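Use the sequences and the hints to build the structure in full.
So the protein lines, in turn, are chains A and B. In this text, residue positions in the first sequence follow my numbering: the first is 3, and each later residue adds one. In this text, residue positions in the second sequence follow my numbering: the first is 3, and each later residue adds one.
If you are wondering where the hints come from, they were derived from the structure by calculation, not from laboratory data. A quick note: this is a predicted structure, and the numbers were derived from the prediction, not measured. Just so it is clear, CB atoms sit at the ideal spot from N, CA and C, and this is done for glycine as well. There may be inaccurate statements among the hints.
[To be verified] Pulled from the structure, derived: some chain B residues nowhere near chain A, Cβ distances all over 12 Å:
| # | residue |
| --- | --- |
| 1 | Ser22 |
| 2 | Arg40 |
| 3 | Glu152 |
[Said to hold, decoys possible] Simulated restraints, written as ranges between beta carbons of each label pair:
| # | chain 1 | residue 1 | chain 2 | residue 2 | range |
| --- | --- | --- | --- | --- | --- |
| 4 | A | Gly47 | B | Gln313 | 23 to 33 Å |
| 5 | B | Gly47 | A | Asp175 | 57 to 67 Å |
| 6 | A | Ala256 | B | Gln318 | 50 to 60 Å |
| 7 | B | Lys235 | A | Gly92 | 29 to 39 Å |
| 8 | B | Gln313 | A | Thr196 | 50 to 60 Å |
| 9 | A | Ser289 | B | Gln150 | 19 to 29 Å |
Protein chains: 2
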Amino acid sequence: MAITSHDVARLAGVSQPTVSRALRDQWGVSASTRRKVREAARTLGYVPIQAGRTLSTQTSGRIGIVSAELSNPFYPAIIEPVHDELARLGFRTILVTDRGHEPVELEPIIDGSLDGVILTTTDLDSQLPYELRRRGVPFVLLNRDTLQQEYDACVVNNTVGVWDVAKLLLGLDHQRIGAIFGPDTASTGLERRTGFARALERLGASLPNSLTFSGPFSSTTGSQGFQYLWKAKPTAIFCANDVIALGALSEAAALGVRIPKDVTLVGFDNIPMSSWNIFGLTTIGVSLEEMAMTAVGLLTRRMEDTEREVQRVTMQPLLTLRSTHGRPRALEEETR
Amino acid sequence: MAITSHDVARLAGVSQPTVSRALRDQWGVSASTRRKVREAARTLGYVPIQAGRTLSTQTSGRIGIVSAELSNPFYPAIIEPVHDELARLGFRTILVTDRGHEPVELEPIIDGSLDGVILTTTDLDSQLPYELRRRGVPFVLLNRDTLQQEYDACVVNNTVGVWDVAKLLLGLDHQRIGAIFGPDTASTGLERRTGFARALERLGASLPNSLTFSGPFSSTTGSQGFQYLWKAKPTAIFCANDVIALGALSEAAALGVRIPKDVTLVGFDNIPMSSWNIFGLTTIGVSLEEMAMTAVGLLTRRMEDTEREVQRVTMQPLLTLRSTHGRPRALEEETR
DNA sequence: CTATTCTTCGCATACTTATGCATGTCAAGC
DNA sequence: GCTTGACATGCATAAGTATGCGAAGAATAG
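This is how it looks when you write it as C-alpha cells:
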C-alpha cells in the first residue's frame with residue numbers, strides 16, 4: 003500500500019540503500035544521483051515509514067510527557083513550552099495521560115517508542131522513576147519531585163515561595179489567615195502545606211486547623227474550600243496553586259464576596275490564565291517557559307549520556323502582585 | 003539492550019513465534035507452554051517493542067488528533083472525551099498540534115505511525131483532508147468542516163444555533179445587538195457569522211458593521227472586541243465561541259461593566275469552563291462527549307472499510323441559560 | 001497395528017530502513 | 001601503462017514481531 007524506499011529506488015534506477023543515503027544528505031552519494039533520487043521521491047510522494055526507522059536506528063525522535071487531565075489548566079500551561087522547546091530540537095512530543103487514581107500505564111512508555119520521558123505528575127512514592135531507570139529509559143522530573151530526590155529534576159523552591167507569600171500577607175497585617183492545600187501525595191502539595199504553616203509560625207502567626215482545607219489540585223477544591231473557609235471569616239486565603247485559587251475566586255463571585263476588599267486571595271504557579279482581567283490573581287511562581295527549557299535540557303543531556311551524574315535544578319519563584327491582595331477590611335476602615 | 007521475544011523464547015525453551023502466539027492468547031499453543039512463556043516473560047519484564055509490531059502488522063493502535071494550541075481551552079475540552087473514548091476501544095491517542103499560521107506538518111501523520119486521524123482545526127480550504135484521502139489514511143472531521151463537505155464529519159448545526167441565539171436576544175427586546183466573530187477561514191467562524199447576520203435580518207433586526215468585530219477564536223479577540231464594541235454601547239453581544247465570550251467577560255470586569263445588567267453576553271460551544279461560577283456564561287452548544295463519541299465511531303467504521311460511503315453527522319445545539327443574559331437596561335428601568 | 005485426524009510447534013519469511021563492507025569506476029601520479 | 005587512491009554504489013544484513021505452512025507427535029478410529 004504505502005510507498006517504500008524500494009519503490010523510490012526502482013524509479014530512480016538505484017539501490018534502496020542509496021535512496022536512504024541520498025535523502026538524508028549523507029556523505030558518499032554523487033550530486034547527480036542525489037538529484038535523481040530526490041526527484042523520484044517527490045514524484046511518488048515518498049515518506050519514510052517511522053517504524054522501519056525506529057527499528058533500524060533504535061531511536062524514535064519522540065519524547066513522552068506524562069501529565070494529568072488536560073482540562074486542568076496547569077498542564078497545558080506547562081506542556082506547551084515543553085512541546086515548543088522539543089520541537090526546536092527536532093523531537094516530537096507524545097502526550098501520556100495520567101489518570102491520577104491509578105498508576106500510569108507503563109507499557110506505552112517502555113515499548114521502545116519513546117527516546118525519553120518528562121514526568122510532570124509524579125507522586126512522592128511513585129514507582130515510575132525507579133522502573134524507568136531500571137529499564138534505561140532517560141527521563142526527568144518536572145515540577146514534582148519524589149521522596150528520594152535522586153533523579154534528574156527541575157523543580158520550584160516551594161519553601162521559599164510560601165515563605166514569601168507568608169511575609170506578604172503578614173506585611174499587609176492579616177491576622178486570620180486560611181489556606182486551601184493540595185494533596186500530600188505530591189511534593190508540591192506537601193512542601194507548600196508544611197512550608198506555609200512553618201513560615202507563619204516562624205513569623206509569629208499561626209495556622210489553625212479550622213482555617214485549613216485540602217483536596218486535589220483542581221478548581222473544584224478551590225470552590226469547595228472557599229465555601230468551607232468563608233464561614234470562618236478569614237481575612238486572607240493562600241491557595242496551594244493557581245487552579246485552586248481560580249476556583250476559589252469563582253466561588254467568591256458566586257457568593258458575592260468581593261476580592262480583595264472582603265478577603266485576600268493568593269495563588270501559586272503564575273499560570274497564564276491568572277493574568278486574565280477577570281481574575282487578576284496575585285500569585286508566586288517561576289517562568290514556566292524557563293522551567294520547561296531547563297527540564298528539556300536536563301533530559302537531552304541524560305539521553306546523550308545515561309551514566310552521567312544526576313543533576314537537579316531548583317528554581318526560585320517570584321511574586322507577581324496583581325489585584326487579589328490587600329489589607330484586611332477592618333484595618334482598612336480604621337485607617338479612613 | 004531491550005528484552006526481545008527471542009530472549010523470552012530462549013528462557014522458556016521454545017521458539018520466538020511461540021512466544022508471540024502464547025502472549026497474545028492465540029489459538030494453537032498448549033496450556034503448559036503458555037504458562038512457561040508467561041512465566042519467562044514476567045521474569046524478564048518483557049514488553050513487546052512497538053516498532054516491530056507496527057512493521058509486522060502494518061497497524062499501530064494509535065490515533066492522531068490534530069488540534070490547536072492547548073492553551074485555548076476549547077481544545078482540551080474536545081480532546082479529553084475523544085481520548086477517553088479511544089482508550090475504551092483500545093487505541094492510544096497521539097496529539098498533533100496545529101500552529102494555525104502554517105499548515106500542519108504532514109509527515110508525522112502519514113509516516114505509518116497512525117491508524118487514523120481526527121481533525122479538529124481544519125480550515126475551509128485545507129488540503130489536509132484531500133492529502134489524507136489520497137494516501138489512504140482514515141480520518142474524520144470533528145467540529146470544523148471543509149468547503150467541499152465530502153468527507154466523514156461530525157459537526158454542529160451552526161445555522162440553527164445562531165438562529166436560536168438571535169431569537170433569544172430579540173425575545174429579550176434587544177435592539178442594539180453587536181457581535182464578535184471568529185475567522186472566516188473556519189467553517190464554524192463563517193457559518194456563525196453569516197448565519198447570525200441573516201437570522202437577525204429575517205427576524206426584522208439588523209447587524210450594522212459598526213457593531214461587529216472579528217478575530218481568531220481566542221480570549222484576546224474577546225477582550226479586544228469588547229473594548230472596541232463597548233464604545234458603540236450595544237445592549238447585547240453575541241460571541242462566536244465561548245473562549246471569545248470569556249475574554250469579553252474578562253474585559254468587561256476590567257472596565258467595570260456589569261453583566262448582564264449593562265450588557266448581555268452570549269457564547270457558543272458550552273465548554274466546561276463556561277459553567278464556572280465566575281463566568282456563568284449563557285451559551286449554546288452540543289454535548290462535547292456525544293460529539294467526540296460520534297466522531298470516534300465514524301472513524302473506526304472508516305478504518306474497518308475504506309471504501310464505504312461517506313457519512314456525515316450534524317448535531318443540533320441546545321441553549322444553556324445561565325446568568326449573562328437579560329433585558330436591556332433602559333427597558334428594565336422603564337418597567338420598574 | 002495401521003491409517004487418519006487433530007494438536008502443537010518451529011522454520012522461513014515479511015514488514016521497512018539504515019549501515020558495514022566489498023566492489024567497481026575513474027582519475028591522477030609515477 | 002600500471003598502480004594507487006578517492007569516490008560512488010550495491011550487497012548483505014540487522015533491528016523485533018507476526019504469520020503461512022509444513023512437520024512432528026499424539027490421539028482416535030478402523
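Results for each hint:
1. Taking the minimum C-beta to C-beta distance to chain A, about 15 Å, the non-interface status of B:Ser22 holds against the 12 Å cut.
2. Distance check for B:Arg40 against chain A: the nearest CB is about 16 Å away, which clears 12 Å, and the non-interface claim stands.
3. For B:Glu152, the shortest C-beta to C-beta distance to chain A comes to about 21 Å, beyond the 12 Å cut-off, and the non-interface label holds.
4. Under the hint 23 to 33 Å, the C-beta atoms of A:Gly47 and B:Gln313, about 27 Å apart, fit the expected range.
5. Roughly 59 Å separates the CB atoms of B:Gly47 and A:Asp175, a value that falls within the hinted 57 to 67 Å.
6. Distance hint check: the CB atoms of A:Ala256 and B:Gln318 are about 30 Å apart, inconsistent with the given range 50 to 60 Å.
7. A beta carbon spacing of about 52 Å between B:Lys235 and A:Gly92 contradicts the range 29 to 39 Å that was offered as a hint.
8. Distance hint check: the CB atoms of B:Gln313 and A:Thr196 are about 56 Å apart, consistent with the given range 50 to 60 Å.
9. In this structure the supplied range 19 to 29 Å is violated for A:Ser289 paired with B:Gln150, their Cβ-Cβ distance being about 44 Å.
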